[in-house]
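The primary structure of each chain is shown beneath.
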Amino acid sequence: MRLRLVPQETNIDFFKHARLTLGASVVAMILSVAVWLGMGLNFGIDFLGGTTIRTESSTPVDVAAYRAALDALDLGDVSITQVFDPTFGPEQNVAMIRIQAQAGQESVTPETVLAVQDALRTVYPAMSFPSVESVGPKVSGELIQTAIIAVIASLGAILVYIWLRFEWQFSVGAVAALIHDIILTVGLFALLQIRFDLATIAALLTIVGYSINDTVVIFDRLRENLVKYKSRGLQDVMNLSANETLSRTLMTSGTTLLALLALLVLGGDVIRGFVFAIFWGVIVGTYSSIFVAKNIVLMIGVKRDWSKPDAKAGTQFSNIDA
Amino acid sequence: MLQIPVWNKMVIILLVLAGIAFAMPNLFYERVERHNDAVALIERTGATTDALEAERALWPDLLPGTLVNLGLDLRGGAHLLAEVQVADVYEARMDALWPELRDVLREVRDTVGTIRRQDAPAGELHVRISEPAGIAAAVEAARRLATPVVSLTGVGAPTLEVRGDNDLLIVTLSEAERQATDDRTMQQSVEIVRRRVDEAGTREPTIQRQGADRILIQVPGIGSAQELKDLIGTTARLTFHPVVSRTTDAQAEVDARQILLPSMDEEGAFYVLEQTPVVTGDDLVDSQPAFDQQTGQPAVTFRFNPSGARAFGDYTAANVGAPFAIVLDEEVISAPVIRQAITGGSGQITGNFTVEGSTELAVLLRAGALPAEMVFLEERTIGPELGADSIAAGEIAAVVAFASVLVFMVLSYGLFGFFASVALILNVGLIFGVLSVIGATLTLPGIAGIVLTIGMAVDANVLVFERIREELKTAKGPARAIEQGYARALSAIIDANLTTFIIAVILFTLGSGPVRGFSITLGIGIITSVFTAIYVTRLLIVTWFDRARPKTIEV
Chain C
1 MRLRLVPQET
11 NIDFFKHARL
21 TLGASVVAMI
31 LSVAVWLGMG
41 LNFGIDFLGG
51 TTIRTESSTP
61 VDVAAYRAAL
71 DALDLGDVSI
81 TQVFDPTFGP
91 EQNVAMIRIQ
101 AQAGQESVTP
111 ETVLAVQDAL
121 RTVYPAMSFP
131 SVESVGPKVS
141 GELIQTAIIA
151 VIASLGAILV
161 YIWLRFEWQF
171 SVGAVAALIH
181 DIILTVGLFA
191 LLQIRFDLAT
201 IAALLTIVGY
211 SINDTVVIFD
221 RLRENLVKYK
231 SRGLQDVMNL
241 SANETLSRTL
251 MTSGTTLLAL
261 LALLVLGGDV
271 IRGFVFAIFW
281 GVIVGTYSSI
291 FVAKNIVLMI
301 GVKRDWSKPD
311 AKAGTQFSNI
321 DA
Chain Y
1 MLQIPVWNKM
11 VIILLVLAGI
21 AFAMPNLFYE
31 RVERHNDAVA
41 LIERTGATTD
51 ALEAERALWP
61 DLLPGTLVNL
71 GLDLRGGAHL
81 LAEVQVADVY
91 EARMDALWPE
101 LRDVLREVRD
111 TVGTIRRQDA
121 PAGELHVRIS
131 EPAGIAAAVE
141 AARRLATPVV
151 SLTGVGAPTL
161 EVRGDNDLLI
171 VTLSEAERQA
181 TDDRTMQQSV
191 EIVRRRVDEA
201 GTREPTIQRQ
211 GADRILIQVP
221 GIGSAQELKD
231 LIGTTARLTF
241 HPVVSRTTDA
251 QAEVDARQIL
261 LPSMDEEGAF
271 YVLEQTPVVT
281 GDDLVDSQPA
291 FDQQTGQPAV
301 TFRFNPSGAR
311 AFGDYTAANV
321 GAPFAIVLDE
331 EVISAPVIRQ
341 AITGGSGQIT
351 GNFTVEGSTE
361 LAVLLRAGAL
371 PAEMVFLEER
381 TIGPELGADS
391 IAAGEIAAVV
401 AFASVLVFMV
411 LSYGLFGFFA
421 SVALILNVGL
431 IFGVLSVIGA
441 TLTLPGIAGI
451 VLTIGMAVDA
461 NVLVFERIRE
471 ELKTAKGPAR
481 AIEQGYARAL
491 SAIIDANLTT
501 FIIAVILFTL
511 GSGPVRGFSI
521 TLGIGIITSV
531 FTAIYVTRLL
541 IVTWFDRARP
551 KTIEV
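If you're matching them up, the sequences are chains C and Y in order. The opening position of the first sequence corresponds to residue 1 in this note's numbering, with each subsequent residue numbered one higher. The opening position of the second sequence corresponds to residue 1 in this note's numbering, with each subsequent residue numbered one higher.
With the rest of the complex left out, here is chain C:
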């Protein structure tokens, strides 16, 4: 007996609760933007400038003691977070220390880094520093710019590609779904205050890539069915297409999530934020290709006659109509 995520034949009416699902998406998007504006994003040094120092010691991390040691240095905003990970050994206690960009310096000077390391060693002499990263405000400003360009460029490229391969209505629907995915992901990052850095942007673009993949498969089937069932209503054909591809949609999301889950749990803390973004994005991306992209296309309407001008089948109907 085969494992089936969905029954062989499904006949789900995806538009039955269209108002509810689309409404929920709109509300979620508004909430995301509100959280985003209200709480702000926890930008990493890539975008904010500053220095992060990863510390490792065999004694438990004492955030208060670390803070007390660093306060004397007068470095401005310093954040200290302990890092937990299932891959760490029992003697491995890791913390991340972030120091704001210092006025008048491009990247933080070695003297500052040394002072920080010496101060921390007063707490625990054998402490090691597996990574020290410092980004100057000049570069971080440019990185923000590049990141925004990257996101806009990919949305634009997809808009054009879908338009060329399908119809403009489809590309509007697809891009609407992508914006939905991006906003929900950014909102979740704001809500949970997960560090938002360059890798997160890469994750966002991956989500865009994945979600469009899903959407295109449904659109592709829709285009095929629109030719096949010329007399059926658009909503009907959309439902049919979504049902026919549902098994595939869930299978692919299932395998991808399975692989990502392994990475999320076992891949280490360095890329956890990155993997988490993609994991969440696959979920919302799958949802949006079923419940958002099609609805938008339905709202705009779409041309029904996909036959080529010289094809006989196409002209028959038009003759009858005329």
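These are calculated hints, taken from the structure and not from any lab test. Heads up, a few of these hints could be off.
What the hints assert, rightly or not - Below 20 Å or equal to it, Euclidean Cα-Cα: the simulated SDA-like pairs (lysine to any residue) are:
(1) Y:Lys229 x C:Leu114
(2) Y:Lys473 x C:Glu224
(3) Y:Lys473 x C:Leu5
(4) C:Lys138 x Y:Gln484
(5) C:Lys228 x Y:Gln484
(6) C:Lys138 x Y:Ala87
(7) C:Lys228 x Y:Ala87
Since we're looking at a predicted model, the values are computed, not measured.
Using the hints provided, position chain Y relative to the given structure of chain C.
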């Protein structure tokens, strides 16, 4: 109907075999690396030892030995993004221009009167003349110094821009010349950084020019960004200046065109020097560590090229008995008195050097001074342990991801799922093969890209299998269903993967470092997964179908 032409089969099989052959060395990473290092060393030195041969024997020469480079986040090392202060050079150019300008203005002394160099903003040369009426003649004379710019873009444009403002003659480099100068400065800086890093003998450093005025430097295996900065960040700019006076006042007033510099050895001693150097380190051709013959102290010898030797000889001949200062990076190393003209073009610097200090200085002088200062915009140090941890975590995650996807596929699609799994294994092999061949760098996000590809690679197969299932319902027989399944799923596969590929390309163009590593594995993964899904799985299914000739199939 279910047939694949023989040549087609051959090509598919050959491609897969080639991919696996190139991927294989990565399974024996350390061995192959030691082998490659040994081979490189033998080739470079031309000599071999038993120990080296033993290292070489770790991996057969005949097998492919190219490896995937490990990124800094996996291997540990230092990363720097430096901005070269290209405008520094304009000032040096103006200084170099002054003697020439002085000479041509003296020729027209009758109309311009006496001339005096004024303090000016960086990159400008200001000369005040005593006869404002002669300013046109002065401009005219200065313009004769300009030569056409030598570059691809600014052909014919003059190198200098000269204008007169009442009694002030203002000379600057023209825009075209600035660009050409910037370009040369960058090439020179990259070259010098490369030489200094190479002298340190680290493995596979990356030194790249980025944008108009930046250099990206990545050196695996080095202890910290600070070490790397010490290695490349020292300007090692050596200059020789006439000494005006000596003082202990750090705030001493100096005239225009004079500078106050501290002494390197004597605490609290300062020298007032003429700002324009007599000779600079640019004219050095060689420098070696040595010992002073009289005192036995470590010293550094140097030799000038002919034009440097002439300038140095002329100056020393004209100033016997006067002191001159040897300045390294804005500090006076020493200020000896000229005993006699030094015409041979070589000399010796003694100071408070240690043996290491003199060796290091000689290396820096030999490699050449950086033409301009570098400001570091980004510094990252990743310890080797963290990299090793990341690799270990990534490996475990990849294996678990792999196994669960395989089980899931077989449970869902039975025998077809097994075929897809075989294709998936080959797919990962192909990814590594391609990465090795193109010499790409694997980063931690790159591993994530591979794991993500493992999940997404089955997509094309799933599309086909689902389509075959549907075709089977219309009961046209299994062979027809398989054929139709592949044919009809193709457009969805192409559209879906092309869009993702577009994203990978955008990430590659705009991203840097780790993000780029991710885009590379994602992009390659898309290509290989489409290839394995469309060709390899199909080949497996068709071959099986030919042998077994089942009446019905279950997908």
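Given the proposed pairing of Lys473 of chain Y with Glu224 of chain C, does the C-alpha separation stay at or below 20 Å?
holds (18 Å)
Taking 20 Å as the top limit, are the C-alpha atoms of Lys229 of chain Y and Leu114 of chain C close enough?
holds (15 Å)
Keeping to a limit of 20 Å between CA atoms, is the pair of Lys473 of chain Y and Leu5 of chain C held or broken?
holds (19 Å)
Does Gln484 of chain Y lie within 20 Å of Lys228 of chain C when you go C-alpha to C-alpha?
Holds, because 16 Å separates the two Cα atoms, which is no more than 20 Å.
Holds or violated: Lys228 of chain C to Ala87 of chain Y, with C-alpha atoms at most 20 Å apart
This hinted pair is violated, its Cα atoms lying about 68 Å apart.
Straight-line alpha-carbon gap Lys138 of chain C to Gln484 of chain Y, limit 20 Å
violated (56 Å)
With a cut-off of 20 Å on the C-alpha distance, tell me whether Lys138 of chain C and Ala87 of chain Y pass.
This hinted pair holds, its Cα atoms lying about 18 Å apart.
When each numbered hint is compared with the structure, violations occur for hints 4, 7.
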